[in-house]
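Line order of the protein sequences matches chains A and B. For the first sequence, position 181 matches number 181 in the working numbering, and the numbering has no gaps at all. Counting from 1 along the second sequence, just add 264 to a position and that's the residue number in the working numbering.
Think of the hints as simulated: they come from the structure by calculation, not from any bench. A hint or two may mislead.
Ranges between beta-carbon positions, derived for each pair [unchecked claim]: (1) A:Ser211 with B:His417: 37 to 43 Å; (2) A:Arg161 with B:Arg364: 46 to 52 Å; (3) A:Arg161 with B:Ala493: 55 to 61 Å; (4) B:Asp459 with A:Asp195: 29 to 35 Å; (5) B:Glu420 with A:Ala31: 23 to 29 Å; (6) B:Gly474 with A:Gln109: 24 to 30 Å; (7) A:Pro196 with B:Gly487: 32 to 38 Å; (8) A:Glu156 with B:Pro293: 24 to 30 Å.
With a cut-off of at most 25 Å between alpha-carbon atoms, the simulated DMTMM-like pairs for lysine to aspartate or glutamate come out as follows [unchecked claim]: (9) A:Lys130 with B:Asp347; (10) B:Lys488 with B:Asp461; (11) A:Lys130 with A:Asp195; (12) B:Lys488 with B:Asp459; (13) B:Lys394 with B:Glu288; (14) B:Lys394 with B:Asp375; (15) B:Lys394 with A:Glu185; (16) B:Lys394 with A:Asp195; (17) A:Lys130 with A:Glu93; (18) B:Lys394 with B:Asp461; (19) A:Lys130 with B:Glu288; (20) B:Lys394 with A:Glu93; (21) A:Lys130 with A:Asp83; (22) A:Lys224 with A:Asp173; (23) B:Lys394 with B:Glu420; (24) B:Lys394 with B:Glu489; (25) A:Lys130 with B:Glu357; (26) A:Lys224 with A:Asp83.
All C-beta atoms, glycine included, are put in the ideal place defined by N, C-alpha and C.
2 protein chains.
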Amino acid sequence: MANSPSGDSMAERIVRVISAFDAERPAMPVATLARRAGLPLSTAHRLAGELVSLALLQRTDSGELRLGLRLWELASRSSAALDLRQVAMPFMEDIQAVIRQHTQLSVLQEDEVLFIERLSSRGSVSNFAKVAGRLPLHISSSGMVLMAHSPRHVQEEFLDRHQSDPPPFPAADSLRRQWAEMRREGCATLPGVVDPDTTGIAVPVFGPQGSAVAALGVVVPRGKENTSATVPALMTAARGISRGLGTDSAEAGPRYGGGAGAGD
Amino acid sequence: MANSPSGDSMAERIVRVISAFDAERPAMPVATLARRAGLPLSTAHRLAGELVSLALLQRTDSGELRLGLRLWELASRSSAALDLRQVAMPFMEDIQAVIRQHTQLSVLQEDEVLFIERLSSRGSVSNFAKVAGRLPLHISSSGMVLMAHSPRHVQEEFLDRHQSDPPPFPAADSLRRQWAEMRREGCATLPGVVDPDTTGIAVPVFGPQGSAVAALGVVVPRGKENTSATVPALMTAARGISRGLGTDSAEAGPRYGGGAGAGD
């Protein structure tokens, strides 16, 4: 994103203001906002005032700025994320009732995994995934299983974009091998990658066009994966979500124990 | 909102474009968007193109426009709605496990109830509340219990704004009586108001400043309210949410069976 406001359209500036807020910095004074959005203070001041009057921003009790509830409402009420979530939610609750650990739903966005929903039990293991938060694709079981079920050319384009990423980014051949295995197994299991004490396990959710549109996953204590129970439970729930999205059962994905799966 | 675009700022136009999408019309061609946003077709066309390039809008497979996942992500990742939701979620799951019907969390917004979260069981009764959807305050147990626990001047300002609303909007004296009783009881029970077959039951959630910041409610089959079990369960969960928000237990609200409660 350009650091100079000159030449930016007003829409771009508004996006930069909204993008300045995240889970780590949900509220800030206007000077911080100007810096994070790369805008002159006077511009940030004027724009913030206008966005407050439109309720896209709001002021906290201490006078800082944060995103307005109205923005969340407008963005959420017809969101594709919430459509997917609504279909998935009862099945996620089933998984959570059975596995009693974090259950999460995610999609691919720009080489990262974007978490749409997460259910947690009190007493679950730690989990770095947040609702509306992201993780790099290659460290997330959800991201890996989604890429494993993507067309070969999408995988190769991903590898091209990251070919000069230094370690710990994995070598291309290692990723290709992992994807092939995940595709055969119909699931991804990543022990101790994000956190040494936990394992991520994820399966794909297939949409009506037969492509993997989302991942359903759990985060469980490492060494207690119990994959022979967890994976079939996840696959069962994922098929339920696929059906809810209008996908024919026969197209809804692999069976436990591997097998042919879709060809490349 | 003015119907003519002349004199509108760009920020206002963007809000009008985003506001044109809702749960009933999540996707539309640009001509419909122009009409719903009150913009000339050429303006809508240009603005939609720019918002697509910024990923605030996206095109569907059939070429219609809808809100982009990126907008949901930006609006959600630091949202006050999701902060509240995250604290409330484990307690909402407890309620749902016990009551097995719709469980919902809401806040007041401009004389309406805005639903932040809703958990449903398959087989629950029908429910008109949607996540990021609204209901008029006076027909919702959540809205009524929130207004019942608002300061007297907020109640009177609400009544002033609605004094010429025709029936079925209730008479001011009837609302004042209901609010007084709900405040005494610490809960609102509205049988058959939104739907003849269901009853809404809601209790307030108190924030650190001692004011009611949200409502926790359930929608249950009418005639099977079992309030002597439902209300204490809701109050217990609401106190847990209050504590999670940093509220001292002693300030966390009324006890079952009524009692003094806070004075006006």
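Going down the list of hints, with the structure as the test:
no.: 1; hint: A:Ser211 with B:His417: 37 to 43 Å; verdict: 56 Å, violated
no.: 2; hint: A:Arg161 with B:Arg364: 46 to 52 Å; verdict: 47 Å, holds
no.: 3; hint: A:Arg161 with B:Ala493: 55 to 61 Å; verdict: 57 Å, holds
no.: 4; hint: B:Asp459 with A:Asp195: 29 to 35 Å; verdict: 45 Å, violated
no.: 5; hint: B:Glu420 with A:Ala31: 23 to 29 Å; verdict: 39 Å, violated
no.: 6; hint: B:Gly474 with A:Gln109: 24 to 30 Å; verdict: 41 Å, violated
no.: 7; hint: A:Pro196 with B:Gly487: 32 to 38 Å; verdict: 54 Å, violated
no.: 8; hint: A:Glu156 with B:Pro293: 24 to 30 Å; verdict: 35 Å, violated
no.: 9; hint: A:Lys130 with B:Asp347; verdict: 11 Å, holds
no.: 10; hint: B:Lys488 with B:Asp461; verdict: 10 Å, holds
no.: 11; hint: A:Lys130 with A:Asp195; verdict: 15 Å, holds
no.: 12; hint: B:Lys488 with B:Asp459; verdict: 14 Å, holds
no.: 13; hint: B:Lys394 with B:Glu288; verdict: 11 Å, holds
no.: 14; hint: B:Lys394 with B:Asp375; verdict: 17 Å, holds
no.: 15; hint: B:Lys394 with A:Glu185; verdict: 37 Å, violated
no.: 16; hint: B:Lys394 with A:Asp195; verdict: 35 Å, violated
no.: 17; hint: A:Lys130 with A:Glu93; verdict: 17 Å, holds
no.: 18; hint: B:Lys394 with B:Asp461; verdict: 18 Å, holds
no.: 19; hint: A:Lys130 with B:Glu288; verdict: 28 Å, violated
no.: 20; hint: B:Lys394 with A:Glu93; verdict: 18 Å, holds
no.: 21; hint: A:Lys130 with A:Asp83; verdict: 18 Å, holds
no.: 22; hint: A:Lys224 with A:Asp173; verdict: 29 Å, violated
no.: 23; hint: B:Lys394 with B:Glu420; verdict: 28 Å, violated
no.: 24; hint: B:Lys394 with B:Glu489; verdict: 21 Å, holds
no.: 25; hint: A:Lys130 with B:Glu357; verdict: 18 Å, holds
no.: 26; hint: A:Lys224 with A:Asp83; verdict: 33 Å, violated
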